[in-house]
Amino acid sequence: MTEEGAGGAAKRFLYVNRRAPYGSIYALESLEVVLIGAAFEQDVSLAFIGDGVYQLVKGQDTKVLEVKNFSPAFRALEDYDVTKLYAEKEALEARGLSEADLVVPVQVVGAERMAEIMEAQDVILDF
Amino acid sequence: MKFGILVNEGPYTHQASDTAYQFAKAALAKGHEIYRVFFYHDGVNNATRLTVPPQDDRNIVKRWSELAAAHKLDLVVCIAAAQRRGLMDKSEAKRNAKDADNIAPGFRISGLGQLIEAGIQADRLVVFGD
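As given, the protein sequences belong to chains S and Y, one line each in that order.
Going by the numbering used here, the first residue of the first sequence is number 1, and it counts up by one from there.
Going by the numbering used here, the first residue of the second sequence is number 1001, and it counts up by one from there.
Pulled out of the complex, with its shape left as it was, chain S reads as follows (with noise of 0.2 Å):
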């Protein structure tokens, strides 16, 4: 799994989003680091646990709540080379949440195949 990075081998970065994208301000931050990282040519992952699916949920209008809507930067990922995305099966189907309802392709996992991901990083970084 781990690649070759610039500086010698690679770490497994997995970020773990598991709050609501509105709300509070650490879905939106959590992007900002993922971005930042994307320079450093680690060995990326980011999971979806939790409220976290709502983040990658199609059609989203947050005008009413005069705060911006960052889920189309999850489409940018693919450009910076971020591919691997986990989403809780769990968490999706308690909230009546499918692959088809979400912005970006992800890979849908138990929460038991999820918990063997996080086994498997070097760095965990959740918000």
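Honestly, the hints are just simulated from the structure, not real lab data.
Idealized CB from N, CA, C, for every residue including glycine.
Check the hints yourself; a few may be wrong.
What the hints assert, rightly or not - If you anchor each label on the Cβ, the simulated ranges turn out as follows:
id	chain 1	residue 1	chain 2	residue 2	range
1	Y	Thr1051	S	Glu93	43 to 51 Å
2	S	Met118	Y	His1032	21 to 29 Å
3	S	Gly59	Y	Ala1029	47 to 55 Å
4	S	Val64	Y	Gln1015	33 to 41 Å
5	Y	Gln1022	S	Tyr80	32 to 40 Å
6	S	Lys68	Y	Ala1070	35 to 43 Å
7	Y	Ala1069	S	Ser24	27 to 35 Å
As the list claims (entries may be wrong) - Here's a subset of chain Y near chain S, in silico, CB distances under 10 Å, partners left out:
id	residue
8	Met1001
9	Phe1003
10	Gly1010
11	Thr1013
12	His1014
13	Asp1042
14	Arg1084
15	Gly1086
16	Gly1111
17	Ile1116
18	Glu1117
19	Gly1119
20	Ile1120
21	Arg1124
22	Gly1129
Stated by the list, open to error - The calculated lysine-lysine pairs, modelled on BS3-like cross-linking and capped at a C-alpha distance of 27 Å, are:
id	chain 1	residue 1	chain 2	residue 2
23	Y	Lys1090	Y	Lys1072
24	Y	Lys1098	S	Lys68
25	Y	Lys1030	Y	Lys1002
26	S	Lys11	Y	Lys1002
27	S	Lys58	S	Lys84
28	Y	Lys1062	Y	Lys1025
Chain Y: place on chain S using the hints.
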């Protein structure tokens, strides 16, 4: 071991900064190295020198400054998070035409790359937050 520390919550409102401080102090006492402490989200508020807590309470900001001075700790405040929340050093204040700066001794303002670098360089990155 070489630790990186991430503080994601502000002082007093939340336990995160206290626990991170105690962790850093204990790790240093055991002979470990702290590569960097990075302050993000409301954690940037740990860097304001204008804090005036009641006299019978701990001074969280001063504690960080003192620990940094004693151990040459690298305390880094995220610039993007700091700008949103009104934390700035002299050069940032000048650049943004503000009439004051408020960063405490021992802290410096820099980019998110410093957090990623801490993740790369440290043996363990320990996150303190909600």
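Hints, one by one, checked against the model:
1. Y:Thr1051 / S:Glu93: 43 to 51 Å: Between threonine 1051 of chain Y and glutamate 93 of chain S, where Cβ atoms are some 45 Å apart, the hint holds.
2. S:Met118 / Y:His1032: 21 to 29 Å: Because 24 Å falls inside the window, the suggested range holds.
3. S:Gly59 / Y:Ala1029: 47 to 55 Å: About 53 Å separates the Cβ atoms of glycine 59 of chain S and alanine 1029 of chain Y, which means 47 to 55 Å holds.
4. S:Val64 / Y:Gln1015: 33 to 41 Å: For valine 64 of chain S and glutamine 1015 of chain Y the Cβ distance comes to about 34 Å; the hint holds.
5. Y:Gln1022 / S:Tyr80: 32 to 40 Å: holds (36 Å)
6. S:Lys68 / Y:Ala1070: 35 to 43 Å: Holds, at about 41 Å.
7. Y:Ala1069 / S:Ser24: 27 to 35 Å: Holds, at about 33 Å.
8. Met1001: violated (14 Å)
9. Phe1003: violated (12 Å)
10. Gly1010: violated (12 Å)
11. Thr1013: violated (13 Å)
12. His1014: Not OK, violated: histidine 1014 of chain Y not within 10 Å of chain S, min 13 Å.
13. Asp1042: holds (8 Å)
14. Arg1084: holds (8 Å)
15. Gly1086: Given a least distance of 14 Å, the restraint on glycine 1086 of chain Y is violated.
16. Gly1111: Since chain S brings a Cβ to about 7 Å from glycine 1111 of chain Y, closer than 10 Å, the hint holds.
17. Ile1116: holds (4 Å)
18. Glu1117: It holds, given that the least Cβ distance between glutamate 1117 of chain Y and chain S is near 8 Å, below 10 Å.
19. Gly1119: At about 4 Å, which falls below the 10 Å cut-off, the nearest Cβ of chain S leaves the hint on glycine 1119 of chain Y intact, so it holds.
20. Ile1120: holds (6 Å)
21. Arg1124: holds (9 Å)
22. Gly1129: Holds, because the Cβ-Cβ distance from glycine 1129 of chain Y to chain S comes to roughly 8 Å (cut-off 10 Å).
23. Y:Lys1090 / Y:Lys1072: Given pair lysine 1090 of chain Y, lysine 1072 of chain Y holds - Cα atoms ~21 Å apart, limit 27 Å.
24. Y:Lys1098 / S:Lys68: Judged against 27 Å, a Cα distance of about 25 Å means the pair holds.
25. Y:Lys1030 / Y:Lys1002: holds (12 Å)
26. S:Lys11 / Y:Lys1002: Between lysine 11 of chain S and lysine 1002 of chain Y the Cα gap is close to 15 Å, so the pair holds against 27 Å.
27. S:Lys58 / S:Lys84: holds (19 Å)
28. Y:Lys1062 / Y:Lys1025: At roughly 14 Å apart (the allowed maximum being 27 Å), lysine 1025 of chain Y and lysine 1062 of chain Y satisfy the hint.
The structure does not agree with the numbered hints 8, 9, 10, 11, 12, 15 stated previously, though it agrees with the rest.
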